[in-house]
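With the hints as extra help, turn the sequences into a complete structure.
From first to last, the protein sequence lines are chains B and D.
In this text, residue positions in the first sequence follow the working numbering: the first is 1, and each later residue adds one.
In this text, residue positions in the second sequence follow the working numbering: the first is 1001, and each later residue adds one.
Mixed in with the good hints there might be a few duds.
Said to hold, decoys possible - Beyond 12 Å from chain B on every Cβ pair, some chain D residues (computed):
hint, residue
1, 1030
2, 1032
3, 1046
4, 1072
5, 1100
6, 1148
As the list claims (entries may be wrong) - Pulled a few chain B residues facing chain D out of the computed Cβ check, cut under 7 Å:
hint, residue
7, 39
8, 42
9, 43
10, 45
11, 46
12, 47
13, 48
14, 49
15, 53
16, 54
17, 57
18, 60
19, 61
20, 66
Stated by the list, open to error - For lysine to any residue, the following SDA-like pairs were computed, each having C-alpha atoms within a straight-line distance of at most 25 Å:
hint, chain 1, residue 1, chain 2, residue 2
21, D, 1121, B, 37
22, B, 37, D, 1126
23, D, 1121, B, 65
24, D, 1103, B, 65
Simulated from the structure, these hints should not be mistaken for lab results.
All C-beta atoms in this analysis are idealised placements derived from N, C-alpha and C, irrespective of residue type, glycine included.
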Amino acid sequence: MNPSTINQVTGILQLVSNLEPAGFALVQKLMTSTQGKSAADIAAMVHAEAQSIESIADAEIKKAGGTP
Amino acid sequence: MKTFTLSGLVLALVILAGGWSCNQNQSSVQRAATANKDFINAVAAAQQAEIQFHDPCTSPGTPAGCGEIDDTLHIAFQRDFKTLAQCSDQAANNTAGAQAALKACSTSVQSLITNNAAGIKNPSTKASLTALLVAIQTSVNTALAFLQ
Chain B
1 MNPSTINQVT
11 GILQLVSNLE
21 PAGFALVQKL
31 MTSTQGKSAA
41 DIAAMVHAEA
51 QSIESIADAE
61 IKKAGGTP
Chain D
1001 MKTFTLSGLV
1011 LALVILAGGW
1021 SCNQNQSSVQ
1031 RAATANKDFI
1041 NAVAAAQQAE
1051 IQFHDPCTSP
1061 GTPAGCGEID
1071 DTLHIAFQRD
1081 FKTLAQCSDQ
1091 AANNTAGAQA
1101 ALKACSTSVQ
1111 SLITNNAAGI
1121 KNPSTKASLT
1131 ALLVAIQTSV
1141 NTALAFLQ
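So this is what it looks like as structure tokens:
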């Protein structure tokens, strides 16, 4: 494993150690299998996630004094 | 710094693995779709982390790195996460234009790493967030590779 990869792994481990319980919720989300699902099914999952990210981003931008 | 947890370790492994562990019998279109799903999951993970690094350290148990990203940088990050979510969604819904959409995502995430992450002063916070941004870049490049 090269130093760059080790740094990435270390960085991620440092971060996720600070993300409880959000980290656990993310694990559950990431473990959601796409196996057996069609591209259209996966697209629907991506769309739902995109909507969630966008609404969180808008709320955070507003809270910080910006315009979404 | 809290002790590493099992779920944290699994999260790191899942992000690093990207779409590698997906069903090897999938078609290239399905693999690209799965990689795109990994990509947007990585965006969600980075977004949650960035929010925690922005939120003030007002309550007990707030993670290390809290309050280290100011409002201006936070707004820039959130705008970029929104852009990434939109181009992932576009890639998922437009098979013909998926490659172009993902290329735009790849450019956006590179800008996110070089511009936004560079603005974080604390080295540990910077390293953590950069690692998640690199995970985003890896997953979008994986999705692109399946389409080429």
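Subject >> Hints breached by this structure >> reply: Structure breaks hints 1, 2, 3, 4, 13, 21, 22, 24.
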